[in-house]
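*Asks:* Using our numbering, count along the sequence shown one by one with no gaps and you end on 256.
Just so you know, the hints here were simulated from the structure itself, not pulled from any lab data.
Nothing here was measured: the structure is a model prediction, and the numbers come from that model.
Some clues are possibly wrong.
[Unchecked claim] Below, computed lysine-lysine pairings styled on DSS-like, alpha-carbon distance capped at 27 Å:
1. Lys-216 x Lys-119
2. Lys-161 x Lys-48
3. Lys-119 x Lys-161
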Amino acid sequence: MRPYAFGSVLLATLLLVAIAFADPHSFEVRTDEFDPGKSFLVQGAWLSGIGCPTDAMIALPNATFTDVDGHAPFTDPACPTGDPEDRRVEGLLLVKTGPTTNFASAGAKIDGVRGQPLTELGWDIRKPESAADPRGSHCSAGAPRWNIETKDGDFFFLGCSSPPAPVQESNGSPGWLRMRWGGSVPLQAFNASTGALEDITGRQIKSLSIVFDEGQDVGPDNFGAAILDNIDVNGALVGKGATDAD
11 MRPYAFGSVL LATLLLVAIA FADPHSFEVR TDEFDPGKSF LVQGAWLSGI GCPTDAMIAL
71 PNATFTDVDG HAPFTDPACP TGDPEDRRVE GLLLVKTGPT TNFASAGAKI DGVRGQPLTE
131 LGWDIRKPES AADPRGSHCS AGAPRWNIET KDGDFFFLGC SSPPAPVQES NGSPGWLRMR
191 WGGSVPLQAF NASTGALEDI TGRQIKSLSI VFDEGQDVGP DNFGAAILDN IDVNGALVGK
251 GATDAD
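Can you build the whole structure from these sequences, using the hints too?
*Replies:* Structure follows, in structure tokens:
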């Protein structure tokens, strides 16, 4: 066999092995802003130090509070599990400053999930106790929300508070809430054409994104921002990503 032919066979074999052992549930959460009028009033970004800590470390001061005397492990009760590749406690910041009428939004596109049948969606949100609590991140029926396009041609909305997440667990955390739709129960979302709430469990994904398009004029928080982490698609968690923040 000629050397170049052997090399081609070897390369093909390695590619097949890589495909066989690749994680079929891996995906990327790519942040972006929709701002055609260049208002500069929206931002979507992964940032270090704002996520829900899982297996993080805190510094302990010495007796005079002048230096570090040691370290201790710290995991927020709301996120006992997280993205194992997140080493910098990254969180997804979504912001819309000013009025909702501004034709602009922040968001994130979920890449690498096309064709997967839907079973579960979710996130951890920097907010205490429940989606209805006015404290912390904005969490309404419209923002942040999942935009879900299925391969059979339908489009669905799933808002932070509508339909309510069947799983909302803080486990005593003072500032984080784990929210999950689907899983052991039907995954329901609103059909954009009919307005009806439908079970979309098993529907194949064509496109999937998170959108934040409500501003500071929307109560009860009037905050215009949300911090998310551990984006959950079918039980796989992503808690980090590239950022285009200025």
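*Asks:* Would you list, in rising numerical order, the hints stated earlier that this structure does not obey?
*Replies:* 2
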